[in-house]
Amino acid sequence: MVEVRNDWAANLSMHPSSSWKEGDTFFAIVKEKLNDHEAIVTIKGQDLHVSFRGDIPDQEKVVIQITGTNQHLLEVQVVPQKPEVMAGTGETELAKIEQILSAQGIRLTSQEKAVLKYFLEKAKGTFNEKLETIQALVNKKLPITDIHLQSIHEALHGEPLGETLTQLIEVMNEVFDSEREKTNDRRQENEQRVHDESASFSQEMNTEDSATQPAAWLYENEDWYNSLPMQTKDIIVRTVTDKLSQVTVEFKKLQTELQRKLDNITFLVTNSPQARQQGKSFIEAAIHTLDRAILQGEFMLFTDMATEKQLLQASSQLAEAKQLLENGKQSDALNIVKNVKAFIETLRFQPSDIKVKHFISEWNVNQQGEMPKVQLASQISRSLPFSNGEEVSARNTFEQLRQMGFHHEKDVAQGIFSKKLSFETDNIKSLFMRFMQEGPENIARQAEQAVNNITGQQLLSKFEPTSHTQTMFYQLPLLMQDQIETVNVYLNSRNDNGKLDWQNCSLYFLLETKTYGKIGILLQAVERNLTVTIKGDHPQLSDALNPLTEVTKENLEAIGYHVKGIVFAKMTEQQEPKKEMEIVQQKDIHSGKGYDVTI
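Residues 1 to 599 in the UniProt record's numbering are what the sequence shown spells out, letter by letter.
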């Protein structure tokens, strides 16, 4: 995991401020060397452009002391470490942690010291890995507890989530296949008595076997439907008809609400040209309604990809209208609002056939009360992009995160208030939590590892309302050549009134492939201007991906970005962002927004 984190190019640079005082000592991670004396380092979760006195150390993790500032750069020097301190255990390591945290203004209680001491002694990994875990917890302003340390350490330095899921499936196959063999032996003792039941049992077990194989997770043929009794088919037809009727009503309500809000904006901007702030608030309300519908509306679970893209376009167009209104361009803003309103009026709800099939398939699994390993296969299938034949979209991605269990606690809380708890097993995390309590020891152990991994990602992705910038980290399973792989996702964004600012953010995807090795995809947006960098060391990578660049550019521009370029770079090649970094810093110094982003 440390190697993975090193590949992430530094993409946020904070100005020296009063929070960085001469003489202060900090634990730092050297992310990128710019030349012999300057580098991008991470201190307290912030990426800083610093100048070292002397050569930059070879090791990634160092302790530095601030010695001053020079031309908007922090000047630092490396604090030499005694070998016995860095390599020690127990009290010596704890003393080192106390020293580092104390330099950051953090005083540990006796209970926190006991928790850290236990973690340092019992957790797997090197001292530096444990130190990185502790620093990540502190950066997120989380309480120092056993469960927090254990979960974050598993997410940062444990096995990739895709490997854990694969191992868990294999263990469950062994356990339940063994039980099936015992059942077959008992059946043979009285073959005639169970003859009528044998065919049914065999059919069920074949279904279970196919559900655990990656090729059968794709919901291609829905063969199970043809074997259902006519009465069950009638129930499915009624269920689907009722559901589509319900979401159609929901869609029409959204349409009416948006039209009303857009009419209000048009009236206000036309009759009160000076009411910029109120007009901006009205547009923000319309954007909020539209975005909430895209991510939470049930009708979006059935609509086609084209409609979702159009709704995303409408949202980005309204964001552009808000910016124009802020700049005093009422006429241009009004034209955009009118165009969006015309689009909303002509929009029609068209359910996607494949999404209706997906709904039927999920309904069938929930109704049948399948065996645990079939439930796991079904849950993993729902959480894998492309696994059910759908295109990847904003709503599908959101549902993937929900299926993984990243919203589990929130969903449970909402269920308690709405008195609907049946959904509790509708995500992988809750299913693993059940395995921890009810499964055999080897399954419970693997399930606990997966739960800790997911919880650690939740903690590392915790939104911080008081922080100007937000950082998030996810491990997402991805089906590649019938194998579950792991995509690491790193996100930096500005805090835009309690939301992530999609117009000013950086997103980095890192995955390992059999054919092309490690591939990194970095997207950096500044005021919607987007640069895409594809990193890899395989000599044929650019030839393989070049045909996809034009389609990628079109898809990104369709949702509101202005793509400035898609470039290829070596994974091991150091970037040279210094010149552009200074340009961006100069721009932001005078903008008054207090936000820096590095391209």
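If you are wondering where the hints come from, they were derived from the structure by calculation, not from laboratory data. Ideal Cβ placement from N, Cα and C applies to all residues, glycine included. Please note that a few of the clues may not be correct.
Using 27 Å as the maximum straight-line C-alpha spacing, the simulated DSS-like pairs for lysine-lysine come out as follows [what the hints assert, rightly or not]:
{"no.": "1", "residue 1": "122", "residue 2": "21"}
{"no.": "2", "residue 1": "122", "residue 2": "61"}
{"no.": "3", "residue 1": "140", "residue 2": "96"}
{"no.": "4", "residue 1": "33", "residue 2": "44"}
Computed beta-carbon distance windows for the label pairs [what the hints assert, rightly or not]:
{"no.": "5", "residue 1": "142", "residue 2": "91", "range": "42 to 52 Å"}
{"no.": "6", "residue 1": "497", "residue 2": "124", "range": "32 to 42 Å"}
{"no.": "7", "residue 1": "392", "residue 2": "500", "range": "16 to 26 Å"}
{"no.": "8", "residue 1": "142", "residue 2": "343", "range": "41 to 51 Å"}
{"no.": "9", "residue 1": "174", "residue 2": "481", "range": "22 to 32 Å"}
So the hint says 16 to 26 Å: do the beta-carbon atoms of residue 392 and residue 500 match that? holds (19 Å)
Between residue 33 and residue 44, is the straight-line Cα distance small enough, at 27 Å or below?
Distance of about 19 Å is within 27 Å: holds.
Agreement of residue 122 and residue 61 with the hint, judged by alpha carbon distance not exceeding 27 Å: holds (22 Å)
Worksheet item: Is the straight-line distance between the alpha-carbon of residue 122 and that of residue 21 27 Å or less?
Response: The hint is violated at about 35 Å.
>> Quick check on a hinted range of 22 to 32 Å for residue 174 and residue 481, using CB atoms only.
In response: holds (23 Å)
Is 32 to 42 Å a correct range for the gap between the Cβ atoms of residue 497 and residue 124? holds (41 Å)
Verify the CB-CB distance for residue 142 and residue 343 against the hinted window 41 to 51 Å.
holds (43 Å)
* Mind checking the alpha carbons of residue 140 and residue 96 for me, to see if they're no more than 27 Å apart? => holds (20 Å)
Query raised in the report: Is the hinted range of 42 to 52 Å satisfied by the C-beta distance from residue 142 to residue 91?
Result: Distance hint for residue 142, residue 91 is violated at roughly 24 Å.
When the structure is compared with the earlier hints, violations turn up for hints 1 and 5 and for no others.
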